[in-house]
Amino acid sequence: MKKSFHIIGLGRVGQTFATVIPQSGRWRLACAVSRSGGGVREDHAVCPIVPRIGLLPRADAVLVCTPDNAIEEAAAELARLPWLSAQTLVVHFSGAKTIGALNAVVKCGATIGSLHPVFAFADVAQSVRLLRGNLCALEADGAAAMAVLRDLADAAGLRAFEIPSAQKARYHAALSAASNFSVTLAAFAQDLLRPLNLPEPLARDLVCNLLRQSVDNLSRLPPVQALTGPVVRGDDSTVAAHLAALSGDERQLYRMFALSTLALAAPRLGAEAQEALRSVLAGGGPL
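Sequential numbering from 1 applies to the sequence shown in full-length UniProt numbering.
Don't read these hints as lab results, they were simulated from the structure.
As the structure is a prediction and not an experimental result, all values here were calculated from the model.
The reader is advised that the hints may include incorrect statements.
Unchecked claim - The calculated DMTMM-like cross-link candidates involving lysine to aspartate or glutamate, where the alpha carbons are at most 25 Å apart (straight line), are:
1. 3 with 77
2. 2 with 154
3. 107 with 73
4. 107 with 77
5. 2 with 72
6. 3 with 60
7. 2 with 216
8. 107 with 68
9. 107 with 72
10. 107 with 162
11. 2 with 141
12. 3 with 154
13. 3 with 151
14. 3 with 162
15. 3 with 191
16. 107 with 154
17. 107 with 141
Model the full structure from these sequences, guided by the hints.
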């Protein structure tokens, strides 16, 4: 017999999981909560839509796919449902919040968990097509909850791993750094090309092609081995030429990135090369 689940929140994440989990044949989407009245994409999944959490019938799991700042409010509303029990798993999808955001339902006997897909949900149709095979982090309040959580992850085609609640913020900081800071770095590199008056698509391709190659290298090698460029080669004259070509604000950002790169590259550089690079970077002004 199929297990049943509800979805609270029909944004991109909610619509995606409302579609992919039932495709496993093990879970049935029973109901969804959408205060705006929006529904699941008709070409992917169909289910009853209700405007309030209080109208949800009994189910084996409830997936809270709201924005982070609405999770605790949703948990408080769920806690008023009369059918919650130890056999009910309530799950949120936040990468930043711990399962503690769902504590309101624990008082009613329900178990809690968190499933964070390491995936960018930019478009529902694309997410449905590409989600399978990606990683997801699991956090639960016990072995029974973790078993159900793993079954949900498997039904969605995700590769799951467990993380401790105490390290949730550090985990999310790492992912944010990888995703967000790489975009900031790409924007910085494209800005450096602006005085060349290259067509914008060409400037974007120059930067993105190198980023892809670096990511491909990182998928096969440790960062210190994947590193290329003048810093890891000890080419202090090249770094000096870079600094000379940049404006004051650009130079400060370049120096910040270069110093971090130098620290990473240290095992591949001799002491003399490291000192020469530090001297060049320090010459650009106060650190």
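Now for the hints, and whether the structure bears them out:
1. 3 with 77: It holds: about 22 Å lies between the C-alpha atoms, which stays within 25 Å.
2. 2 with 154: At roughly 15 Å apart (the allowed maximum being 25 Å), residue 154 and residue 2 satisfy the hint.
3. 107 with 73: Given pair residue 107, residue 73 holds - Cα atoms ~15 Å apart, limit 25 Å.
4. 107 with 77: holds (13 Å)
5. 2 with 72: Cα-Cα ~28 Å, so violated.
6. 3 with 60: Holds - the C-alpha atoms of residue 60 and residue 3 are around 6 Å apart, at most 25 Å.
7. 2 with 216: Not OK: residue 2 and residue 216 at ~40 Å, beyond 25 Å, violated.
8. 107 with 68: holds (21 Å)
9. 107 with 72: holds (14 Å)
10. 107 with 162: Given pair residue 107, residue 162 holds - Cα atoms ~24 Å apart, limit 25 Å.
11. 2 with 141: holds (24 Å)
12. 3 with 154: holds (14 Å)
13. 3 with 151: holds (10 Å)
14. 3 with 162: holds (23 Å)
15. 3 with 191: Violated, at roughly 52 Å.
16. 107 with 154: Outside the cut-off at roughly 28 Å; violated.
17. 107 with 141: holds (13 Å)
Violated hints for the displayed structure, listed by number in ascending order: 5, 7, 15, 16.
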